[in-house]
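Chain by chain, the residues:
Number of protein chains: 2
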Amino acid sequence: MVIKSKISPLTIQRLSTYLRGLKYFAQEEGKASVSSDDIALWLGGTAAQVRKDLSYFGSFGKKGRGYNVDELIKTLEDILGLDKSWKVALIGLGRLGRSMAVYKGFRNSSFEIVAIFDIDPQKVGTKYNETPVYHLDDLTRVCEEEGILISIVATPAEVANKVFQIALDAGIRGILNLSGRSSFNPPPHAFIKDVNMEAEIESLSFCLTHY
Amino acid sequence: MVIKSKISPLTIQRLSTYLRGLKYFAQEEGKASVSSDDIALWLGGTAAQVRKDLSYFGSFGKKGRGYNVDELIKTLEDILGLDKSWKVALIGLGRLGRSMAVYKGFRNSSFEIVAIFDIDPQKVGTKYNETPVYHLDDLTRVCEEEGILISIVATPAEVANKVFQIALDAGIRGILNLSGRSSFNPPPHAFIKDVNMEAEIESLSFCLTHY
Numbered sequence: 673m674v675i676k677s678k679i680s681p682l683t684i685q686r687l688s689t690y691l692r693g694l695k696y697f698a699q700e701e702g703k704a705s706v707s708s709d710d711i712a713l714w715l716g717g718t719a720a721q722v723r724k725d726l727s728y729f730g731s732f733g734k735k736g737r738g739y740n741v742d743e744l745i746k747t748l749e750d751i752l753g754l755d756k757s758w759k760v761a762l763i764g765l766g767r768l769g770r771s772m773a774v775y776k777g778f779r780n781s782s783f784e785i786v787a788i789f790d791i792d793p794q795k796v797g798t799k800y801n802e803t804p805v806y807h808l809d810d811l812t813r814v815c816e817e818e819g820i821l822i823s824i825v826a827t828p829a830e831v832a833n834k835v836f837q838i839a840l841d842a843g844i845r846g847i848l849n850l851s852g853r854s855s856f857n858p859p860p861h862a863f864i865k866d867v868n869m870e871a872e873i874e875s876l877s878f879c880l881t882h883y
Numbered sequence: 673m674v675i676k677s678k679i680s681p682l683t684i685q686r687l688s689t690y691l692r693g694l695k696y697f698a699q700e701e702g703k704a705s706v707s708s709d710d711i712a713l714w715l716g717g718t719a720a721q722v723r724k725d726l727s728y729f730g731s732f733g734k735k736g737r738g739y740n741v742d743e744l745i746k747t748l749e750d751i752l753g754l755d756k757s758w759k760v761a762l763i764g765l766g767r768l769g770r771s772m773a774v775y776k777g778f779r780n781s782s783f784e785i786v787a788i789f790d791i792d793p794q795k796v797g798t799k800y801n802e803t804p805v806y807h808l809d810d811l812t813r814v815c816e817e818e819g820i821l822i823s824i825v826a827t828p829a830e831v832a833n834k835v836f837q838i839a840l841d842a843g844i845r846g847i848l849n850l851s852g853r854s855s856f857n858p859p860p861h862a863f864i865k866d867v868n869m870e871a872e873i874e875s876l877s878f879c880l881t882h883y
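If you're matching them up, the sequences are chains W and E in order.
Each residue of the first sequence is one higher than the one before, counting from 673 in our numbering.
Each residue of the second sequence is one higher than the one before, counting from 673 in our numbering.
Among the clues, some could well be false.
Rough simulated footprint, nothing fancy, chain E against chain W, three-plus residues with beta-carbon under 8 Å [said to hold, decoys possible]:
1. 770-784
2. 796-804
3. 816-830
Beyond 10 Å from chain W on every Cβ pair, some chain E residues (computed) [said to hold, decoys possible]:
4. 721
5. 730
6. 737
7. 742
8. 795
9. 806
10. 813
11. 818
12. 866
For the record, the hints were derived by calculation from the structure and aren't laboratory data.
Every residue gets a Cβ at the ideal spot worked out from N, C-alpha and C, and that includes glycine.
The following block holds chain W by itself, in its conformation from the complex (with noise of 0.2 Å):
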């Protein structure tokens, strides 16, 4: 599937929860065909939106008789790269650390943790959650072993830009940046995802505020 524009990262956001909704429907609900009001109301969105974000992959669904849900779901997982499995690097191994390592979310995902890198010489050449923890001067020989492009970062802020930097001499394209620090600018054809909690929360404070 080619891409011709650049797609808005909250459209983005968008087609993974629909696929979550699918995936819900599908299993849970056993339903075969959902319209763009199915979906709309899983995400709290309009039909209308629906339609859009999906007419930039090109053109789904029958009029009048909505979408084949298991067509769609595919054509999700090929849109979202899920539709091969992904092998994932987490550094750093403190609580939010250990947390991403047994996240369930991550269970029957395209996501697999293989390998965990710390500085601590009490974790390093353990194992958490049966998964190797290795010496952060490993990265580079264990992804390009693993073949590993994406990494969770849950170091401390201080020194995040540090290991982004690493992260990427080391071969990894794609960094989900759960460390609090957001001042990187990835090389081209590398990506980085902030999640901040203390942004996202404020994003709260801002609605019970002015809405």
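Given chain W, put chain E in place with the hints provided.
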């Protein structure tokens, strides 16, 4: 400050990031004024975007002289509702909940987790990180007593919808949802912010597949 139009979630997210950047400029670099270019560089965006985001909230900065850092910090804090402090209830004391209870990003922030809720008799009645752990049945009482309006939900996905309803009934108006489930339409004047690590990492596989 009165806001006329609905502000997009991405703009709000960027305001949080600008605020973090400005604090860095003030505290680490001792800067008194910055240009929209400086701010854009921090975020990896454009100066035009910065000016547009700020324009929703009035007129800031002087042509050719940039923004006064301290004033803009104060303004952004007002916009984001951070000029007051928010008491937060953490619901769910599993691994993810525990990592939130000690999350460094909340230190020195406007958010304080003052009460934790769970249903596990082993946990109820104890303290975690010096914060009392209550039974979920006590949510309404404690939220009323403490004046809690914001909750972080870190329960398993299967019970999330039920917990959302309990939280809303207890007077909670803002929910940071870490459970991974996001199919709940909050009533008017209540807000749910979903943080789903699986969806976040899917945006990376999207980028690595298509860009």
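Do the hints match the structure? See the list:
Requiring three or more residues with a Cβ within less than 8 Å of a Cβ of chain E, the coverage given for the region 770-784 of chain W holds, as 11 such residues are present. Coverage of the region 796-804 of chain W by chain E is violated in this model, with 0 residues showing a Cβ closer than 8 Å to a Cβ of that chain against a need of three. For the region 816-830 of chain W, the stated coverage by chain E holds: 5 residues have a C-beta nearer than 8 Å to a C-beta of that chain, and at least 3 were required. With a closest Cβ-Cβ approach of about 13 Å to chain W, residue 721 of chain E is found to remain outside the 10 Å limit, as its non-interface label requires.
The Cβ of residue 730 of chain E sits about 14 Å from the closest Cβ of chain W, beyond the 10 Å cut-off, so the non-interface label holds. Chain W leaves residue 737 of chain E outside its interface by the beta-carbon criterion, the shortest separation being 24 Å against a cut-off of 10 Å. With 10 Å as the threshold on Cβ separation, the claim that residue 742 of chain E sits away from chain W holds: the shortest Cβ distance comes to roughly 19 Å. Annotated as non-interface, residue 795 of chain E keeps its C-beta farther than 10 Å from every C-beta of chain W; the closest such distance is 16 Å.
The Cβ of residue 806 of chain E lies farther than 10 Å from every Cβ of chain W, with a closest approach of about 20 Å, so its non-interface assignment holds. No Cβ of chain W comes within 10 Å of the Cβ of residue 813 of chain E; the nearest lies about 21 Å off, and the non-interface call holds. Every CB of chain W is more than 10 Å from the CB of residue 818 of chain E (nearest about 16 Å), matching its label as outside the interface. Chain W draws residue 866 of chain E into its interface by the beta-carbon criterion, the shortest separation being 8 Å against a cut-off of 10 Å.
Violated hints for the displayed structure, listed by number in ascending order: 2 and 12.
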